[in-house]
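Going down the list, the sequences are from chains A and B. Going by our numbering, the first residue of the first sequence is number 78, and it counts up by one from there. Going by our numbering, the first residue of the second sequence is number 15, and it counts up by one from there.
Since the hints were made in silico from the structure, they are not lab data. Every residue gets a Cβ at the ideal spot worked out from N, C-alpha and C, and that includes glycine. Careful: at least some of the hints might be erroneous.
Okay, the calculated bits of chain A under chain B, using three or more residues with CB under 8 Å as the criterion [said to hold, decoys possible]:
no.	region
1	252-266
2	321-329
3	336-350
4	370-381
5	392-403
6	409-417
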Amino acid sequence: MQRFHFPAVEASQAELEIRARVREFLQRERETGGFVPRADCWVSAPDAQFSRKVGEMGWLGMTWPTQYGGQQQSPLMRLAVTEELLAAGAPVAAHWVADRQSGPHILKYGTEQQKYNILPKIVAGECFFAIGMSEPQAGSDLAAVTTKAEKTATGWRLNGRKIWSTGAHISSYMIVLARTSPAEGRNRHVGLSQFLVDLSLPGISISGIEDMAGGRHFNETLFEDVELTDDSLLGEEGRGWAQVMGELAMERSGPERFLTTFVLIEQTIAAIRHQVDFQSAALLGRLYVHLVSLRRMSRGIARLLEQGESPETEAALVKQLGNQFEKDVLSHLRKLMAALPPDEWPNGLRALLEAAILRQPSATLRGGTTEIMRGIIARQLGVR
Amino acid sequence: MDSLIEQTAERIVADHREHPRALWKALIDNGLAGGLTRRADGSTDLSIVDGFGLMRIAAAAATAVPFSQTLLASWVLGLCDTSAPEGAGSILPSATLRLQGNTVDATFAAVEFGAELHWLACLQDNGELLLLPAPSSSSRVESIHDDPSADMIYQSVDPLAQVKVPPWLNRDTLQLLHALMRSAQLCGAMESALDLTVDFAAQREQFGRSLSKFQAIQHMLSEMAGEVSASIAALDAAIEQVGGSGAEFLSAASAKARASEAAGIVGAHAHQVHGAIGYTQEYALARLSRRLWRWRDDSGDETYWAAQIGRSIVAAGSPAFSELVFGKTPALKN
């Protein structure tokens with residue numbers, strides 16, 4: 078059986094060098110007050126200024142062709158950069174969606190004009206994106222979206238409501254999945270299209286939703302008779318479902334599915350290192366074992382992407398395992414920290430852990446729930 | 015591993031899986047069992063990567079022959095510049111022997127395939143390796159397990175050789191290699207258990223539809239696939255690090271810890287999906303799950319290895335943790 082394939086990838090010298098550069102950059106930023114490390118930083122810590130600096134370093138849109146501002150680097154080089162940024166808990170949320178999925182999506186489906194207009198701005202860290210998939214009545218059942226785009230003389234008229242769009246309030250664009258023609262009987266996957274929507278257009282109102290950890294990244298975005306030009310269509314009319322599945326594969330395949338809590342692991346090791354008994358050592362060791370096997374799989378995915386494959390199921394596997402891992406991290410770290418009397422915890426660690434615990438429920442939801450991931454894997458196993 | 019070797023091995027184990035004697039003969043005749051035996055010029059026919067791949071294939075077919083043991087022991091002897099004798103052999107990871115005089119009087123308890131081995135290697139307390147012929151006698155150990163164990167009894171036996179070992183070879187490093195062998199076997203058996211369970215779920219009908227149409231079943235299968243994939247990833251990472259000085263501690267320990275943990279989940283889910291038929295002596299699952307549950311504990315279980323790893327992480331200090339995970343970065347020339 079070789080149903081799932083994660084090719085081996087050795088670390089190149091170039092990769093280790095770029096890691097060193099990112100670490101040096103992050104060290105400097107930390108020292109000059111550029112950021113305070115945060116868990117779940119790719120969702121909860123937007124910082125437009127920091128994103129611009131990352132852009133100046135040349136670490137956004139790295140894999141894209143040079144004519145759009147990219148450097149045509151391998152996905153493994155990008156992976157090295159994103160891993161380092163996540164591991165440090167750097168405030169990368171502002172540009173995360175644009176660099177991870179919207180840019181590559183435009184690269185794949187966009188017109189030349191769309192690419193030239195938008196990609197260089199993403200590369201510069203000046204243009205952020207929000208995801209326009211979920212709706213109040215369409216969560217896991219994404220094909221139930223009711224947002225509608227109707228053809229007009231000059232383009233399209235958009236009406237509907239998108240929800241849970243992280244960062245929409247600071248973003249320039251949203252890629253919106255909308256119905257452009259009715260479903261055909263029970264086949265709801267036809268008649269969907271994607272639009273590149275400039276969020277500054279009239280008729281769009283964005284309102285924030287506070288998450289249970291007190292964070293303000295979620296939004297509800299209302300589209301009321303928004304007039305879109307003809308060239309707002311992204312990709313092909315009616316092919317939105319297939320396109321959005323590709324976009325989701327990019328959303329799911331990255332290291333943010335298992336590195337969100339890395340800062341906490343490091344700080345916990347430092348705090349308890351003189352009180353490690355057999356049980357603690359075993360908990361810590363287990364975290365390491367799971368982390369390195371997930372990393373190995375994640376690197377395999379980067380290699381598959383480099384080879385032009387679309388590792389949708391592999392991404393679902395990593396997300397499923399990664400989400401479980403992050404739950405385990407928090408429960409293990411609580412047990413590890415129990416070695417210290419409560420008043421001897423180092424400054425800031427409890428707050429960091431508490432914040433991570435409050436953000437944990439979203440990990441197994443965003444980007445597709447664990448149950449949806451399991452369905453995708455089951456289909457690949459041939460049982461659905 | 016080499017795809018031609020892979021195909022050959024898969025064909026052989028499929029043809030002879032029910033007949034250990036014929037299987038062993040085919041593994042010898044096709045040069046697989048002796049594939050890691052050092053030749054006069056110091057080379058081996060197969061690579062150690064092929065060797066671990068073969069262990070995985072043999073375990074997937076639940077073969078009851080001392081194939082993996084022979085491969086590992088032959089390879090270790092080769093690293094000591096010694097060619098393994100012909101036939102089936104094994105190297106004991108933990109037993110150490112004190113040699114008194116020139117002959118050996120000793121009993122090695124409950125050695126896997128002990129009654130079928132033509133040779134045996136074990137460490138002496140002076141650190142050298144002792145190579146022994148088949149024992150004077152052996153007595154089978156009563157056990158529920160598929161791979162028969164026997165006490166190997168040596169009475170005034172002349173050793174075949176006393177072998178000087180390279181500096182890295184000791185009880186710990188031998189145990190690590192055994193753990194890696196078990197990891198490869200665990201991965202093979204888990205892949206097979208997953209295959210069997212997927213097929214069973216598709217074919218078995220209850221409530222008027224196949225089991226695989228039930229979401230609860232699909233989720234168990236997906237979880238099994240995740241565990242198997244992660245274990246293989248950890249195994250591959252460890253095998254890549256194996257070389258002339260054995261296995262690398264962190265990667266090999268991780269491979270065993272990951273596979274041992276996965277074996278519990280994969281075995282439990284496989285049985286749950288199969289229902290009562292999986293619990294019978296006759297059906298093919300039990301010979302996989304009995305091995306899974308034995309191998310996951312053998313040569314150190316997931317908690318043992320996790321604790322070893324945890325201690326080494328703490329010893330390295332917290333700034334080194336990211337280096338252990340992401341690799342050591344070079345100094346920058348600006």
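| Hint by hint, which ones does the structure fall short of? | Of the numbered hints, 1, 2, 6 do not hold.
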